[in-house]
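A.B. asks: With the sequences and hints as input, model every part of the structure.
Those protein sequence lines, which keep their order, are chains A, B, C and D. The end of the first sequence is residue 135 by the working numbering, with every number in the run present. The end of the second sequence is residue 135 by the working numbering, with every number in the run present. The end of the third sequence is residue 135 by the working numbering, with every number in the run present. The end of the fourth sequence is residue 135 by the working numbering, with every number in the run present.
Derived by calculation from the structure, the hints in this document are not laboratory data. Some hints here could point you the wrong way.
[Claimed, not checked] Below 30 Å or equal to it, Euclidean Cα-Cα: the simulated DSBU-like pairs (lysine-lysine) are:
hint, chain 1, residue 1, chain 2, residue 2
1, A, LYS58, B, LYS58
2, A, LYS64, B, LYS119
3, B, LYS51, D, LYS119
4, D, LYS51, D, LYS119
5, C, LYS58, D, LYS64
6, D, LYS51, C, LYS64
7, D, LYS51, B, LYS51
[Stated by the list, open to error] Beta-carbon label-pair distances, calculated as ranges:
hint, chain 1, residue 1, chain 2, residue 2, range
8, C, VAL72, D, MET117, 15 to 21 Å
9, B, THR78, C, ALA134, 45 to 51 Å
10, C, ILE82, A, THR135, 58 to 64 Å
11, D, ASP40, B, ALA92, 48 to 54 Å
12, A, THR104, D, ALA132, 41 to 47 Å
13, B, GLY83, A, ALA96, 31 to 37 Å
14, A, THR78, C, PRO121, 52 to 58 Å
15, C, ILE82, D, PRO80, 30 to 36 Å
16, D, VAL3, C, ARG127, 38 to 44 Å
17, D, ALA132, C, ARG68, 31 to 37 Å
[Claimed, not checked] Some but not every residue of chain D turned toward chain A, in silico, with C-beta under 10 Å:
hint, residue
18, HIS9
19, PHE10
20, GLU11
21, ARG49
22, ASP71
Every residue, glycine too, gets a C-beta built ideally from N, C-alpha and C.
Spelled out from the first residue to the last, the chains are:
There are 4 protein chains.
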Amino acid sequence: MIVHERPVHFEDVDAAGIVFFGTFLNYCHEAMERLFEGADGGYVGLITRRKIGFPAVKVVAEYKAPLRYGDVARIEVTVPRIGTTSATLRYAFSRAVDGVHVATIDHVVVSSDLATMTKLPLPRDCRAVLEAHAT
Amino acid sequence: MIVHERPVHFEDVDAAGIVFFGTFLNYCHEAMERLFEGADGGYVGLITRRKIGFPAVKVVAEYKAPLRYGDVARIEVTVPRIGTTSATLRYAFSRAVDGVHVATIDHVVVSSDLATMTKLPLPRDCRAVLEAHAT
Amino acid sequence: MIVHERPVHFEDVDAAGIVFFGTFLNYCHEAMERLFEGADGGYVGLITRRKIGFPAVKVVAEYKAPLRYGDVARIEVTVPRIGTTSATLRYAFSRAVDGVHVATIDHVVVSSDLATMTKLPLPRDCRAVLEAHAT
Amino acid sequence: MIVHERPVHFEDVDAAGIVFFGTFLNYCHEAMERLFEGADGGYVGLITRRKIGFPAVKVVAEYKAPLRYGDVARIEVTVPRIGTTSATLRYAFSRAVDGVHVATIDHVVVSSDLATMTKLPLPRDCRAVLEAHAT
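C.D. replies: Rendered as structure tokens:
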């Protein structure tokens with residue numbers, strides 16, 4: 001498990017005064033990039049040098065409580081499933097201040113050649129990173 | 001069914017050159033606002049005057065093909081389920097130019113008092129709008 | 001002059017309840033894309049096929065009144081200056097409902113080869129578009 | 001002077017592959033929030049408890065070099081001007097890796113009552129923060 005904490009930004013809220021539901025996926029991606037810091041060149045190296053990406057093929061998000069400006073999101077990332085070319089990342093969101101559960105998001109990604117957008121076996125170093133956080 | 005078409009904006013893509021997976025939910029929200037044009041004061045009236053919102057409690061998104069800058073997303077919105085306080089909206093995304101299926105997103109919303117963030121029975125006019133597009 | 005009207009989106013506001021000051025530049029870019037519809041392949045064709053872009057080198061924005069959710073921004077675009085490789089676009093923002101002046105933004109762009117990020121003479125068709133809206 | 005370093009996020013780039021020009025203002029706001037950490041309750045306290053904000057009335061941005069995914073923006077914040085109700089913040093952007101100058105942005109903000117959107121004298125603690133970084 002890795003933990004990514006990040007404050008809600010001023011512009012992350014919507015006209016209802018809570019973090020926009022789509023913006024949770026921006027937070028997930030940040031947390032995923034943290035996870036892949038252990039891969040060769042990190043997520044940046046994957047995208048810009050190795051031309052490998054992990055586009056989402058499925059997301060299942062359950063929202064339990066809102067986040068507001070002033071909150072810090074605490075995001076625990078684990079990896080409940082690792083396949084040949086894909087993996088599922090799970091992000092458990094809570095409010096850092098009091099631990100209130102905010103959301104759980106499952107994110108299925110597929111290792112992909114960015115030039116052709118075809119799937120690739122998970123690179124060895126990425127698999128190692130995922131396995132280190134498998135549940 | 002309503003249909004919402006919108007071009008991919010210049011800044012909607014990510015470093016992999018495709019529309020960011022979270023940004024699909026921005027498109028869904030736009031389409032939902034279109035759907036609620038038939039309610040009293042539209043979605044704007046709900047939020048700003050009636051202080052009623054429809055926060056997401058669940059999203060299930062399946063991504064089948066990427067969208068890129070230059071594409072126009074065609075989004076067909078239907079309502080597969082209507083409950084007492086909640087409803088499920090379904091967004092079928094395709095590329096307008098060739099009809100290629102891009103994504104299907106189910107979005108469960110709960111009618112909520114924005115002051116207290118507690119659930120409310122669906123207002124009558126909102127229910128009517130949803131029923132008009134029920135499947 | 002071209003006029004681009006667009007409603008404030010639900011997620012365009014910030015924690016102060018007004019359109020985030022940076023988001024005005026997203027609206028400007030949309031309006032610029034409208035302006036370039038008259039160029040060969042439009043702005044999309046410039047970016048994706050011709051590999052020519054118009055990155056900003058300077059922006060001067062004066063904000064006079066806020067925009068809120070429910071407002072429609074009316075943006076009048078003119079071109080006060082056209083040079084060899086650069087041009088200045090001016091966006092006059094008002095609220096569509098009552099004409100209240102909201103902001104004036106000057107946006108200096110430079111015609112650029114996207115591969116090398118070096119400046120290029122304005123393509124003939126782009127110059128024609130700009131001249132059609134010169135003031 | 002305070003220094004705010006932040007990596008370019010995966011979704012901060014546009015279809016030209018560089019950080020969208022409007023997104024620089026998101027980075028500025030982040031840096032401003034860092035600056036105001038020294039105020040009572042920080043920027044969050046200003047907005048949510050004290051109902052005081054600092055909306056922009058003017059921005060002058062000069063862009064000299066692009067930022068790309070993989071870059072870390074280094075933002076030096078100073079305060080070249082402090083008035084009765086307003087102040088000018090200056091953000092000097094460089095690339096952290098090599099110090100290349102990226103942009104300079106001047107941001108004039110006005111201390112404002114968020115309920116009425118009328119200007120207020122700079123609160124004493126905010127003035128102290130600004131003076132600590134005056135140039």
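A.B. asks: Just tell me: holds or violated, for the beta carbon distance of VAL3 (chain D) and ARG127 (chain C) against 38 to 44 Å?
C.D. replies: Because 42 Å falls inside the window, the suggested range holds.
A.B. asks: Please check whether ASP40 (chain D) and ALA92 (chain B) have a Cβ separation lying inside 48 to 54 Å.
C.D. replies: Holds - the Cβ-Cβ distance for ASP40 (chain D) and ALA92 (chain B), about 50 Å, lies within 48 to 54 Å.
A.B. asks: So does THR78 (chain A) sit 52 to 58 Å from PRO121 (chain C), Cβ to Cβ?
C.D. replies: Given about 54 Å between the Cβ atoms, the range holds.
A.B. asks: So does VAL72 (chain C) sit 15 to 21 Å from MET117 (chain D), Cβ to Cβ?
C.D. replies: holds, 19 Å
A.B. asks: Could one say that the CB atoms of ILE82 (chain C) and THR135 (chain A) fall in the range 58 to 64 Å?
C.D. replies: holds, 60 Å
A.B. asks: Min Cβ distance, GLU11 (chain D) to chain A: is it shorter than 10 Å?
C.D. replies: holds, 6 Å
A.B. asks: Go through the hint on PHE10 (chain D) and say holds or violated, using the shortest Cβ distance to chain A against 10 Å.
C.D. replies: Interface hint status for PHE10 (chain D): holds (6 Å vs cutoff 10 Å).
A.B. asks: Given the hinted pair LYS58 (chain A) and LYS58 (chain B), is their Cα-Cα distance within 30 Å?
C.D. replies: holds, 13 Å
A.B. asks: Check the hint pairing LYS51 (chain D) with LYS51 (chain B) against an upper bound of 30 Å on the C-alpha distance.
C.D. replies: Holds, at about 20 Å.
A.B. asks: Could you grab the alpha-carbon distance between LYS51 (chain D) and LYS64 (chain C) and see if it respects the 30 Å cut-off?
C.D. replies: holds, 20 Å
A.B. asks: Between LYS51 (chain B) and LYS119 (chain D), is the straight-line Cα distance small enough, at 30 Å or below?
C.D. replies: Answer holds: LYS51 (chain B) to LYS119 (chain D) is near 27 Å, not above 30 Å.
A.B. asks: Holds or violated: is there a CB of chain A closer than 10 Å to the CB of ASP71 (chain D)?
C.D. replies: holds, 9 Å
The structure is consistent with each of the numbered hints, conforming to all of them.
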